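Asks: Residue numbers (our numbering), protein chains in the order written: chain P, 1 to 223; chain A, 224 to 320.
There's no promise every hint is true.
Under 7 Å between C-beta atoms, here's a sample of chain A residues computed to sit facing chain P [as the list claims (entries may be wrong)]: (1) Gln-228; (2) Gly-229; (3) Pro-231; (4) Gly-234; (5) Tyr-235; (6) Arg-248; (7) Lys-250; (8) Gly-251; (9) Arg-260; (10) Asp-263.
SDA-like, lysine to any residue: derived pairs with alpha carbons at most 25 Å apart [as the list claims (entries may be wrong)]: (11) A/Lys-250 x A/Ala-225; (12) A/Lys-250 x P/Arg-196; (13) A/Lys-250 x A/Asp-305; (14) A/Lys-250 x P/Phe-177; (15) A/Lys-250 x A/Ala-292; (16) A/Lys-250 x P/Thr-14; (17) A/Lys-250 x P/Ser-74; (18) A/Lys-250 x P/Thr-123; (19) A/Lys-250 x P/Asp-54; (20) A/Lys-250 x P/Ser-176; (21) A/Lys-250 x P/Leu-83; (22) A/Lys-250 x P/Leu-188; (23) A/Lys-250 x A/Pro-231; (24) A/Lys-250 x P/Thr-175; (25) A/Lys-250 x A/Asp-263; (26) A/Lys-250 x A/Val-226; (27) A/Lys-250 x P/Arg-22; (28) A/Lys-250 x P/Leu-163; (29) A/Lys-250 x P/Gln-30; (30) A/Lys-250 x P/Ser-198; (31) A/Lys-250 x P/Gln-169.
Coverage of chain P stretches by chain A, computed from C-beta distances (three or more under 8 Å per stretch; other residues unrestricted) [what the hints assert, rightly or not]: (32) 18 to 32; (33) 45 to 51; (34) 93 to 99.
Honestly, the hints are just simulated from the structure, not real lab data. In this text the structure is predicted, and so the values were computed from the model without any measurement. C-beta atoms are modelled at their ideal positions from N, C-alpha and C, and glycine is treated no differently.
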Amino acid sequence: MIPPPKMPPPPSETSRRVYFERLAATLLAQGVPGDRIGEVVAELDGHVAMARVDPVDELGPVGELATALATSISDRRPVRSFLGDSLIGVAGGVAIAAGGGVLFGRQAGSEAVLPLGIAAYLTVFTIGMALLRGYGSRSLIGKSRFELPSATVFVPFLVVVALVSAITQGWQWTTSFGAALVLFVVSLVSTVLLARWSIRRSRIEVPGRVRHLRRLQWGPFGR
Amino acid sequence: MAVLQGGPAYGYEIANRFEEAGLARPKGGTLYPILSRLEDEGLIDPTWVEGASGPSRKYYGLTESGAAAVGELGAEWGSFVDRVSTLFYQSDRRAAS
Chain P
1 MIPPPKMPPP PSETSRRVYF ERLAATLLAQ GVPGDRIGEV VAELDGHVAM ARVDPVDELG
61 PVGELATALA TSISDRRPVR SFLGDSLIGV AGGVAIAAGG GVLFGRQAGS EAVLPLGIAA
121 YLTVFTIGMA LLRGYGSRSL IGKSRFELPS ATVFVPFLVV VALVSAITQG WQWTTSFGAA
181 LVLFVVSLVS TVLLARWSIR RSRIEVPGRV RHLRRLQWGP FGR
Chain A
224 MAVLQGGPAY GYEIANRFEE AGLARPKGGT LYPILSRLED EGLIDPTWVE GASGPSRKYY
284 GLTESGAAAV GELGAEWGSF VDRVSTLFYQ SDRRAAS
């Protein structure tokens with residue numbers, strides 16, 4: 001009697017998790033909304049589990065699948081926009097400078113000295129990072145962090161940041177304590193609201209109870 | 224989309240329906256971008272159904288415009304097959320004479 005053909009072993013949860021984490025990150029970088037990514041990942045993971053095949057064999061390389069999926073979705077938008085990231089940097093920088101002035105820069109009378117150099121430094125740093133993100137993501141995701149394209153842009157950027165830091169170190173602004181307090185509150189609230197907006201745009205929510213994909217919801221891509 | 228005329232189905236089931244119809248079983252890497260595009264164009268409508276014991280499944284059903292598109296594409300396909308068949312029969316007749 002011929003024994004029935006053996007079913008292939010199902011792909012391990014680890015290999016599936018690694019594949020779908022990379023897929024989620026690549027789709028996010030291509031501007032696919034977080035809710036769509038969660039649906040796609042849960043659906044494809046269920047398919048691979050039922051077919052009992054390796055994700056790469058069934059779905060192909062992550063990069064090719066992500067491009068095919070991303071081009072089929074029309075409501076793509078930059079999840080981390082240059083303007084949004086820059087605004088967070090500017091508002092955060094002003095909040096730190098105003099907060100520093102309120103807490104430590106109070107002068108005799110009702111004046112406060114704000115260390116504006118910190119705000120200038122943070123603004124340049126975050127705008128630079130926002131500019132780099134689009135360029136760097138191609139070579140940073142899933143590959144070595146020390147690839148040539150990233151390094152050739154990142155190293156000069158660090159030099160510029162160091163120069164700006166040195167030049168703006170002594171920048172100060174003396175204003176009334178009340179104005180510094182108002183500036184601190186307004187910039188702090190703006191920073192928090194902008195950061196919340198940015199986080200919501202990139203949150204990935206996987207529908208259903210997919211235990212090994214739960215990390216996507218709370219991991220680095222979901223935060 | 225014609226596969227969905229038999230009723231809503233989830234991705235893996237759609238691939239199986241191709242196989243049952245005697246066609247090559249599409250790989251997931253080909254199938255899902257197409258489903259995603261059809262969903263985006265409003266031709267198919269997805270519904271998540273909670274699994275009794277397993278994971279949730281995304282069922283796709285034809286929308287009204289999707290059903291209309293299947294009718295139009297079916298008529299075009301029929302017309303195309305007729306023209307190709309005519310060509311073949313003409314060639315056969317010429318070869319016979």
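Asks: Taking the hints in turn, state whether each one holds.
Replies: Each hint tested on the structure:
Taking 7 Å as the C-beta cut-off, the interface hint given for A/Gln-228 is violated, the closest approach to chain P being about 21 Å. Using the Cβ-Cβ criterion of 7 Å, the hint placing A/Gly-229 at the interface with chain P is not satisfied: the shortest such distance is roughly 19 Å. For A/Pro-231, the interface hint is violated, since its Cβ never comes within 7 Å of a Cβ in chain P; the closest pair sits about 14 Å apart. Satisfaction of the interface hint for A/Gly-234 is found here, the shortest Cβ-Cβ separation to chain P being roughly 5 Å, below the 7 Å cut-off.
Checking A/Tyr-235 against chain P: minimum C-beta separation of about 5 Å stays under 7 Å; hint holds. For the restraint placing A/Arg-248 at the interface with chain P, the shortest Cβ-Cβ distance is roughly 10 Å, beyond the 7 Å limit, so the hint is violated. Against a cut-off of 7 Å between C-beta atoms, the interface hint on A/Lys-250 holds, since the closest Cβ of chain P lies about 6 Å away. Because the smallest distance between the Cβ of A/Gly-251 and any Cβ of chain P comes to about 5 Å, under 7 Å, the interface hint for this residue holds.
With 7 Å as the threshold, the beta carbon of A/Arg-260 comes within range of chain P, its nearest partner Cβ sitting at about 4 Å, so the hint holds. At a threshold of 7 Å, the smallest CB-CB gap from A/Asp-263 to chain P is about 5 Å, leaving the interface hint in force. Proximity of A/Lys-250 to A/Ala-225 is assessed by CA-CA distance (about 18 Å); at most 25 Å being required, the pair is judged to hold. The hinted pair formed by A/Lys-250 and P/Arg-196 fails the criterion: a straight-line CA distance of about 39 Å is larger than 25 Å.
Proximity of A/Lys-250 to A/Asp-305 is assessed by CA-CA distance (about 30 Å); at most 25 Å being required, the pair is judged violated. Simply put, A/Lys-250 and P/Phe-177 have alpha-carbon atoms about 66 Å apart, too far for the 25 Å limit, and the pair is violated. As the CA atoms of A/Lys-250 and A/Ala-292 are separated by approximately 24 Å, the hinted pair is consistent with the 25 Å bound. For the hint pairing A/Lys-250 with P/Thr-14, the CA-to-CA distance comes to about 22 Å; that is within 25 Å, so the pair holds.
Using a Cα cut-off of 25 Å, the hinted pair A/Lys-250 and P/Ser-74 holds, with the two alpha carbons roughly 23 Å apart. For the given pair, A/Lys-250 sits about 48 Å from P/Thr-123 by alpha-carbon distance, which is inconsistent with the 25 Å threshold. Restraint check for A/Lys-250 and P/Asp-54: the C-alpha separation of about 12 Å stays at or below 25 Å, so the hint holds. The suggested pairing of A/Lys-250 with P/Ser-176 is violated, with an alpha-carbon distance near 68 Å, which exceeds 25 Å.
A threshold of 25 Å between alpha carbons decides the hint, and for A/Lys-250 with P/Leu-83 the separation of about 39 Å lies outside it, so the pair is violated. The hinted pair formed by A/Lys-250 and P/Leu-188 fails the criterion: a straight-line CA distance of about 50 Å is larger than 25 Å. With a CA separation close to 19 Å, the supplied pair A/Lys-250 and A/Pro-231 stays within the 25 Å bound. A distance of roughly 66 Å separates the Cα atoms of A/Lys-250 and P/Thr-175; the hinted pair therefore is violated under the 25 Å criterion.
Among the hinted pairs, A/Lys-250 with A/Asp-263 is consistent with the structure: their alpha-carbon atoms are about 20 Å apart, no more than 25 Å. Between A/Lys-250 and A/Val-226 the CA atoms are separated by roughly 16 Å; this keeps the pair inside 25 Å, and the hint holds. For the proposed pair A/Lys-250 and P/Arg-22, the alpha carbon gap of about 20 Å is at most 25 Å, so the pair holds. A threshold of 25 Å between alpha carbons decides the hint, and for A/Lys-250 with P/Leu-163 the separation of about 53 Å lies outside it, so the pair is violated.
Between A/Lys-250 and P/Gln-30 the alpha-carbon distance is near 23 Å, which keeps this suggested pair within the 25 Å criterion. Distance restraint check for A/Lys-250 and P/Ser-198: the Cα-Cα separation of roughly 35 Å exceeds the 25 Å cut-off, and the hinted pair is therefore not satisfied. Straight-line distance between C-alpha atoms of A/Lys-250 and P/Gln-169 comes to about 59 Å, which puts the hinted pair past the 25 Å bound. Using a Cβ-Cβ cut-off of 8 Å, 0 residues of the segment 18 to 32 of chain P lie near chain A, which falls short of the minimum of three, so the contact claim is violated.
Counting residues of the segment 45 to 51 of chain P whose CB falls under 8 Å from any CB of chain A gives 7; the rule of at least 3 is met. Counting residues of the segment 93 to 99 of chain P whose C-beta sits closer than 8 Å to any C-beta of chain A gives 0, which falls short of three, so the coverage hint is violated.
Of the numbered hints given earlier, the model fails hints 1, 2, 3, 6, 12, 13, 14, 18, 20, 21, 22, 24, 28, 30, 31, 32 and 34; all others are met.
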